[in-house]
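Going down the list, the sequences are from chains Z and B. According to our numbering, the stretch in the first sequence is residues 1 to 521, in order. According to our numbering, the stretch in the second sequence is residues 1 to 334, in order.
If you are wondering where the hints come from, they were derived from the structure by calculation, not from laboratory data. Among the hints, erroneous ones may be present.
Once the Cα atoms are required to be at most 25 Å apart in a straight line, the calculated PhoX-like pairs of lysine-lysine come out as [as the list claims (entries may be wrong)]:
1) Lys27/B x Lys508/Z
2) Lys114/B x Lys415/Z
3) Lys415/Z x Lys96/B
4) Lys114/B x Lys494/Z
5) Lys27/B x Lys19/Z
6) Lys415/Z x Lys97/B
7) Lys114/B x Lys17/Z
8) Lys17/Z x Lys27/B
9) Lys19/Z x Lys96/B
10) Lys172/Z x Lys60/Z
11) Lys17/Z x Lys132/B
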Amino acid sequence: MRYALLVAWREYAENAKTKGFWIGIFLLPVILFLSIQVPIWLEKKATPVRYFVLVDQSGKFADVVESGLEKHHQKQLLEELNDYARKNAAGPEVPALLKEFNEHNPRAVDKFMTRGGKESFLAQLRPHLKPGAPAFQEPRRSFQPVKAPAEVNSASDPASVAEVLKPYLRGKKTLEYEGQPIELTAAVLIPRNIEAAIVRPKSKSPATDRQSAATGQIQYWSANAGDQRLRDEIERLVNNEVRQREYLARGMDIAAVKEVEQTYVPFTSLNPKKEKGKEAVSEADMVKQWAPSGFVYLLWMAIFVIIQMLLNNTIEEKSNRIIEVLLSSVTPGELMMGKLAGIAAIGLTMVGAWMFALFGILGWKAGGASEVAGHLLTTLKSSNLVPLFSLYFLLGYLMSAGIILSIGSVCNTIKEAQSYMGVLTMIMMVPLLTMTFIPKDPNGPLARVLSWIPFYTPFTMMNRAAADPPLLDLIGTFVLLIGTTALALWMSGKIFRIGILRTGQPPKVLEMLRWAARRRE
Amino acid sequence: MSVEAQLTFGGPALELRQVTKFYGQFKAVDDVSFALPAGSIYGFLGPNGAGKTTTIRMILDIIKPTSGEITLLGHRSALDVRHRIGYLPEEKGLYKKMKTWSVIAYFASLKGMKRPAARQRAFELLERYGLKDFAEKPTDALSKGMGQKVQVLASIAHEPEFVILDEPFSGLDPVNQEVMEEIIRDMARRNRTVLFSTHVMEHAERLCNRILLMARGKKIFDGTIPDAKRILPRRVRIETEDDIAPLRELREVASFRPIEPPVTTVPNSANGPPHSNGITKWELELKENSDPQSILQFCFEQKIRLHSFNQTDPGLHEVFVRLVGPEAKEAAFR
């Protein structure tokens, strides 16, 4: 045992010095941090304000677009305010306030605007703010109309207006807004005779007429084809207005139509597996359902990284013939045990560091900046995901390590090992490919079949962990996994003992299995 | 020292009895028996493929013999006495990224030394053998010869009683070969037993008390170097300008033949034996148990004037070639 520990200690100490180990340790925290921080950062800073010029020759839509965009901004503002209130305010009146201005209610924005907007909302909220709450930061406007440059003659035909605006749209010229030079994202040109272009179900469609298509339509000019939000928003506003006018023209009660438009039935998702009274499915439930997939990925990464180390070290000892010196000091069994334990310790260190970072970053971000982080943290604390992860990590590692030691013991160079590793990697890819399907049907046939294949048990059962798999699956697959792992290690022990002193061409897999089946070497 | 170890003291340090090893159908070692007295330096000779490494591996219990018994320091398995054994394998290698001292200390600790003691010992050895500056460097910074020296140090750091060195001289420059010889002699002086294999007969001749010669898995010779030399007939070389025909009649002489004169000389007749300035060199092979002095006396009596008289023993090299020559050639072409 002492000798196995000495071997284990060397494996640990030497592998802890490698670059791969440290990259492995820091990779996850960095990815986690970025995946939480980048969306926050993008939301706050990176989405630029889209400046646009609106030339309305018909004179019928400019006001509609402007007020519509203002309402769009107010809606965003209200959402932010609600978020801010949820995080920073407490007290019996807060829920009422939140309910009144619930952003899902189509009338909430109108109410919000008529009742004094941001200022009055904040004034109502102020008495309930928690001590030390940060000041509210108003989100930036997504879309900002600016005045057309002086050289645009809004009376000339749309084609020549577009011609004048093109250098601005291409970024060759800049406009000025509030004293700052800005880049124009888009120009919207509404021609004088737009009325004639309106398509009605029973009239002949003018869109089929190419000639008028060029002149008679609303033109949206922009060099940015990726961000269509401004176009969509303006299109929606204009068409809404067109329909409003249709209602009027047909003598319909505009107030009634508005009321109808704002009529809705609230919708809620419920989960029958949850406690009575708490069945509502929330964002937290989504996180809980998908969190195991993250752990599957971690499991896979951790196992893959450390079995590579195991392979490299085994082959190094073999190719350098250090193995002979080792075997004059320790038995092959002690050597194998030591290597397994040393690399397992490396893996546990890495996984431990990941968990530490995970809880650290989530705890740090859960306070306010990220709701998902908060849900994830609650999920981790309240479920058995972390202990299950550790258990499946160890068993999954030991099983693959058995295979790796067999491969390592018969190969003299990494190159020779690569052909075996190619096959192994392909087999190992399956849990990654099924990772996203299993949470959608966690107790379905695919999930159950994969669970009962011992090589995939750790990954699949980890994936199903949040869905309360049947006890038969949970215990049955676990017992099978332990049994198969023991068998894999016992067989690889025999292959290792024979393979490790062999030189020359690596044997076929069948021959290796024959060694494993042999009663005595 | 344990009671058991004391009991074995005085007995053979190593004993093999009818050891045979098959690899599948191939008989790598065939019924080999020998015993090594404690405190001796034993040369283990034989052509490539003779079964030396297999025998060494069986002695170390890295592989099991198919049949036969091995007793090392009174124990059936080398692993029972691993603290007391040192081993330098034929193909040398070290962990590339490990520090030099750390490799020595690791192997010593696997041989039962405590970590701090092993570390201290590693530094001592590196200093003594001129590698102090490399102690903190990874071993892939060492030259091949230095690396081999480090490996030798790693195999003896724990002061083993019994050391097996497989080809310890290969890859070393002449200076370091002498250092290696000194290490071996030093161990013998402290009553350690050394078994080493080599292809260089001069080393064996200088160092060994006894040699063991194997070929094709079989033991061919086991004994002292004088014993080995006695296998070949003794030779006498003489230089004379006189006719040596009378020597033919002497019963001690088995055969004689002229040998090449120095290349600078020119033969003075087309058919005559090679000679320089009329002097011919002859080599006489003597029959077993004959005294070279009798040749000298006979020449004196027959008035054969000798310019030189050399009584040469056959080298171990010749013994080796004579004993395993055909085998070795065959092995080389296999």
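Query raised in the report: Any of the earlier hints contradicted here, and which numbers?
Result: Going through the list in order, the structure violates hints 2, 4, 5, 8 and 10 and respects the others.
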